[in-house]
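Colleague: Protein chains in written order, with our numbering: chain B, 1 to 340; chain E, 1 to 240.
Since the hints were derived computationally from the structure, they do not count as laboratory data.
Yeah, the Cβ is synthetic: ideal placement off N, Cα and C, and Gly gets one too.
Errors might be hidden in some of the hints.
Said to hold, decoys possible - Distance windows between CB atoms, simulated:
hint	chain 1	residue 1	chain 2	residue 2	range
1	B	Ala-150	E	Asp-204	57 to 63 Å
2	B	Tyr-197	E	Ser-61	47 to 53 Å
3	E	Glu-69	B	Ala-150	41 to 47 Å
4	E	Gly-73	B	Val-43	52 to 58 Å
5	B	Leu-190	E	Glu-119	38 to 44 Å
6	E	Asn-42	B	Leu-39	56 to 62 Å
7	B	Ile-142	E	Thr-60	54 to 60 Å
8	B	Gln-263	E	Glu-119	32 to 38 Å
9	E	Gln-89	B	Ala-202	31 to 37 Å
10	B	Val-28	E	Ser-115	46 to 52 Å
11	E	Gly-166	B	Ala-40	28 to 34 Å
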Amino acid sequence: MTVAQDTSVGSDRDLLSSGQAWLYDTIVSASHTQFVGVLAAIVVVLLALPLVLNSYLVQVLFTVFLFTGLAFGWNFMSGFTGYVDFGYAGFIGFGAYLTVISIVDFGFPWPLALLTAMGVTALVGTAISVPMLRLRGAYFAIAMLAAATAAQLLASSSYLRPITRGGSGISFFPELGLTGQYYLALTIVLILGYVTYRIANAPFGLRLLAIRDDETLAASLGVKTVREKILGMLLHTAVAGLLGGVLAFNLSYIDPNSVFNIQYTEFPIVMVLFGGLGTVLGPVIGGVIFVVLYEVLWSTFPQAYQFLFGAAIVAVVLFMPEGIVEYLKDNEYIPRWRSL
Amino acid sequence: MASADTILDVTDVTKRFGELVAVDDVSFGIERGTFVGLIGPNGAGKSTLFNLITGVLSPTSGSVHFDGEDITGNALRKNAERGLVRTFQQTRVLERMTVRENLLIASQLTNSPESRAQELLETIELADKQDTLARDLSFGQQKLISISQVLMLEPELILLDEPLAGVNPTMENKILEIMRSQLERGKTFVLVEHDMDVVMSECDDVVVMESGSVLTRGPPSTVQQNERVLEAYFGSDDDE
């Protein structure tokens with residue numbers, strides 16, 4: 001964090017190392033067309049990759065997309081408004097079950113099943129969350145964790161066995177193969193990235209961030225805090241429902257332990273913390289670094305990867321408490337734009 | 001007591017927190033376009049009264065009328081929309097947002113927020129810091145942001161809770177200057193302030209509170225002479 005905010009940007013720049021200044025200046029001087037060009041090049045490469053990569057690497061990239069998407073979804077509510085949801089896996093599991101049941105029992109085509117999961121998870125998830133939005137801080141987080149645990153127990157309970165098949169789960173044949181899942185997840189991530197970019201630059205995004213900084217002050221300045229939180233929650237849960245379905249395709253078998261697994265809560269949270277809460281680049285940077293680091297540690301140190309992974313997370317939280325993107329902005333590696 | 005030009009009417013307002021009566025049967029009215037000081041020792045109930053008027057808290061009994069309409073227990077946001085705004089005793093800004101964003105957030109009721117924000121930033125001489133995070137500003141500058149935020153809402157009645165506390169004389173003059181110019185435009189101010197020199201020289205009218213009740217009310221010259229005020233204000237140190 002810079003202390004020398006009193007000096008003009010010009011004199012600050014002289015103090016910067018050349019690498020820092022280079023990145024900053026490149027971003028500031030780049031035209032809109034250049035940004036779009038770079039983005040398009042990345043997309044073309046990602047589109048071509050399944051043609052040349054083996055299925056293990058396609059699966060790794062699919063996992064990057066899935067978790068980056070989940071990180072975007074978690075960020076909509078928890079990153080922007082600061083209402084930290086510790087029960088995200090509950091919505092993901094709900095979406096996975098809705099998708100599989102509507103395919104297996106109702107014969108829905110897969111796109112319709114995914115849209116159903118997205119819509120129903122958004123409506124039901126938000127309705128359940130509304131009373132909890134009165135709670136703040138740790139109380140909200142714990143209430144959401146409890147709700148997710150309850151959802152998992154319900155899915156495995158004998159009461160719902162006729163629908164969910166209880167603990168024995170449901171196996172099915174996903175019509176969409178791994179390559180199809182790859183392209184689907186990539187498309188979803190691109191859309192979520194664009195939506196996040198638009199929100200971050202819109203008054204709506206500003207209002208969500210104001211709720212994070214001081215909800216009472218925001219209300220005193222005319223922000224409809226309840227309405228904004230509900231809108232944030234709708235986005236947050238819709239993404240979980242949709243990607244829960246995509247996850248089910250990838251697993252081709254679901255049971256309460258697999259799709260309600262707490263890792264689907266933990267990983268997106270850590271990714272967004274890594275990358276930067278309430279930012280556009282945060283979920284992407286966090287998602288890529290997280291999955292790549294995890295894979296590398298797992299394959300290199302099979303005995304100690306969890307310990308090393310935990311240590312890496314602790315280091316980031318200690319040295320960059322607001323995430324990589326905020327760190328880069330504070331130290332003027334990149335401009336303080338909401339678009340980044 | 002409500003006349004045609006009464007903008008705020010507080011009637012028999014009481015607030016209890018369990019056994020404690022923080023505000024006890026308080027009634028007073030405020031004329032449009034005036035600058036009213038609300039004074040009293042710590043714990044007299046001034047901030048609680050602000051909370052009751054603006055909707056942070058609901059009164060146990062009594063009513064609050066703003067511009068002739070009953071707003072008792074209305075939410076903070078609703079009151080802000082109607083033109084009744086406040087600042088907080090503890091200076092509150094949106095710390096991780098820029099100076100400019102801090103003003104634009106209060107834009108939902110304004111037609112041209114960008115130009116209004118620009119105008120206010122120039123008034124408070126922070127236009128060159130508009131892209132700085134609010135947490136990186138000085139305390140006094142944060143106070144200026146708080147006041148500008150509520151002015152973004154183009155309010156009629158502005159309640160300021162100790163806007164001058166801990167502020168240097170230059171900054172104090174700047175804040176008073178802003179208030180005077182708003183008064184000229186017909187806005188109404190209620191000010192909680194401990195600096196008696198400011199209250200006595202700036203306010204048209206002073207309400208004195210002690211232990212949750214209104215002790216007296218009147219123009220500064222009269223209030224200053226009141227024996228009970230002198231005793232309440234300077235005599236004992238009532239912190240509860």
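Colleague: So, for every hint listed, does it hold in this structure?
Modeller: To see whether the hints hold, each was checked on the structure:
no.	hint	verdict
1	Ala-150/B - Asp-204/E: 57 to 63 Å	holds (59 Å)
2	Tyr-197/B - Ser-61/E: 47 to 53 Å	holds (51 Å)
3	Glu-69/E - Ala-150/B: 41 to 47 Å	holds (44 Å)
4	Gly-73/E - Val-43/B: 52 to 58 Å	holds (54 Å)
5	Leu-190/B - Glu-119/E: 38 to 44 Å	holds (40 Å)
6	Asn-42/E - Leu-39/B: 56 to 62 Å	holds (58 Å)
7	Ile-142/B - Thr-60/E: 54 to 60 Å	violated (31 Å)
8	Gln-263/B - Glu-119/E: 32 to 38 Å	violated (51 Å)
9	Gln-89/E - Ala-202/B: 31 to 37 Å	holds (32 Å)
10	Val-28/B - Ser-115/E: 46 to 52 Å	violated (25 Å)
11	Gly-166/E - Ala-40/B: 28 to 34 Å	violated (53 Å)
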